[in-house]
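Here the protein sequences line up with chains A and B, keeping their order. For the first sequence, position 6 (counting from the first letter as 1) is numbered 5 according to numbering that gives the first Met the number 0, and the numbering increases by one without interruption. For the second sequence, position 8 (counting from the first letter as 1) is numbered 7 according to numbering that gives the first Met the number 0, and the numbering increases by one without interruption.
Rather than coming from a laboratory, the hints here were simulated on the basis of the structure. Please read all numbers here as calculations on a predicted model, not as lab measurements. Hints may be right or wrong, so weigh each one.
Copies of the same chain look alike in the list, so a pair counts if it works inside one copy or between any two.
Said to hold, decoys possible - Derived lysine-lysine pairs resembling DSS-like cross-links, with alpha carbons at most 27 Å apart:
(1) LYS134 <-> LYS63
(2) LYS45 <-> LYS134
(3) LYS88 <-> LYS63
(4) LYS127 <-> LYS148
(5) LYS148 <-> LYS63
(6) LYS88 <-> LYS127
(7) LYS148 <-> LYS134
(8) LYS88 <-> LYS134
(9) LYS45 <-> LYS63
(10) LYS148 <-> LYS45
(11) LYS127 <-> LYS63
(12) LYS148 <-> LYS49
(13) LYS49 <-> LYS63
There are 2 protein chains.
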Amino acid sequence: MSFISTGVEYGLHCMLYLTQTHSPVGDASVRDLAELQGVPTEFLAKLFTKLARAGLVVATEGVKGGFRLARPAHRISVHDVVVAIDGDKPLFDCREIRSRCAVFDDQAPPWATRGVCTINAVMQLAEKAMRTELKRHTLDDLAGRIVDKAPADYGDHIVQWFADRASGRQAGKPAGGKRA
Amino acid sequence: MSFISTGVEYGLHCMLYLTQTHSPVGDASVRDLAELQGVPTEFLAKLFTKLARAGLVVATEGVKGGFRLARPAHRISVHDVVVAIDGDKPLFDCREIRSRCAVFDDQAPPWATRGVCTINAVMQLAEKAMRTELKRHTLDDLAGRIVDKAPADYGDHIVQWFADRASGRQAGKPAGGKRA
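Isolated chain A, as found in the complex (with noise of 0.2 Å):
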């Protein structure tokens, strides 16, 4: 598994639809954007349920109610997305082996361990820098740059696409159907 999960991609692209910028869907169900997208849906649903722990998305009740983005989308960034999903692990895992050197005799002196082991502290510089990157990029910056390649019409098909869905639930048809 890579670092950085393929939740945390079904998670953005998800939310992507949910901003405004992108399409203006309104609240969307996990079982609608797990079919548009073709994810599955119960794990989209253990995603969901990170975003909301996580204060990124709210649950809306009624016919309509579904999951919608809990602040603007200029104020999510790649990075809280990231967090929320996969958790705050760190890129490593220091085991302290300085600790251990043989010239020591099992008993380590107090500047051998004293802070942050020297590698570590390299690792960790390198985490905050991909960590800043990632604070870098909110969703609407990724909604617009899909926006700027997508044709004009992309948002009115994606809205459509969710209408259609919605009608077929109310007059009792199943769930699914694609746009022709």
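Chain B: place on chain A using the hints.
Just chain B now, kept in the frame of chain A:
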């Protein structure tokens, strides 16, 4: 397992003993390096095979044979060691779910899959920032930082420990023996 492995930690610690900055040990055997640091010899041997393949260390023959750095310590970066041991694995493994959007009806249009996915592009920038930081630090930098915080006779203790091991072997004594 963390993104940067324990193998990298072991490899870096060992290589620091092979820098002249740290201690003028000369060539060192994997067994000695492993026992000096209390890490498994067989695992370390595999790491040195990788480091040798990457051209970072060279094996030397003879009674005093072992491994030495293949180039000066200021020309070996932390990133070189990370790549030699962990490979060049990506931080994020994009599944290209952008191409699966249901509105495309199983035929993603060229604009949707052109270039790198917007999300993956951010992950790649984050990975680049991380790698840039790892490239900024050399073995010589790390060794210098350790020497700065160690007592003046630390390097001598290390050299003496290796010398004791070598003379123990020549006298037919069992390998090992810690300094009092």
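Each hint tested on the structure:
| no. | hint | verdict |
| --- | --- | --- |
| 1 | LYS134 <-> LYS63 | neither (32 Å within a copy, 51 Å between copies) |
| 2 | LYS45 <-> LYS134 | within (23 Å within a copy, 37 Å between copies) |
| 3 | LYS88 <-> LYS63 | neither (36 Å within a copy, 43 Å between copies) |
| 4 | LYS127 <-> LYS148 | between (31 Å within a copy, 24 Å between copies) |
| 5 | LYS148 <-> LYS63 | neither (30 Å within a copy, 63 Å between copies) |
| 6 | LYS88 <-> LYS127 | both (12 Å within a copy, 19 Å between copies) |
| 7 | LYS148 <-> LYS134 | within (23 Å within a copy, 34 Å between copies) |
| 8 | LYS88 <-> LYS134 | both (16 Å within a copy, 22 Å between copies) |
| 9 | LYS45 <-> LYS63 | within (20 Å within a copy, 58 Å between copies) |
| 10 | LYS148 <-> LYS45 | neither (31 Å within a copy, 47 Å between copies) |
| 11 | LYS127 <-> LYS63 | neither (41 Å within a copy, 42 Å between copies) |
| 12 | LYS148 <-> LYS49 | neither (30 Å within a copy, 43 Å between copies) |
| 13 | LYS49 <-> LYS63 | within (22 Å within a copy, 57 Å between copies) |
The structure fails to meet hints 1, 3, 5, 10, 11, 12 from the earlier list, while all remaining hints are met.
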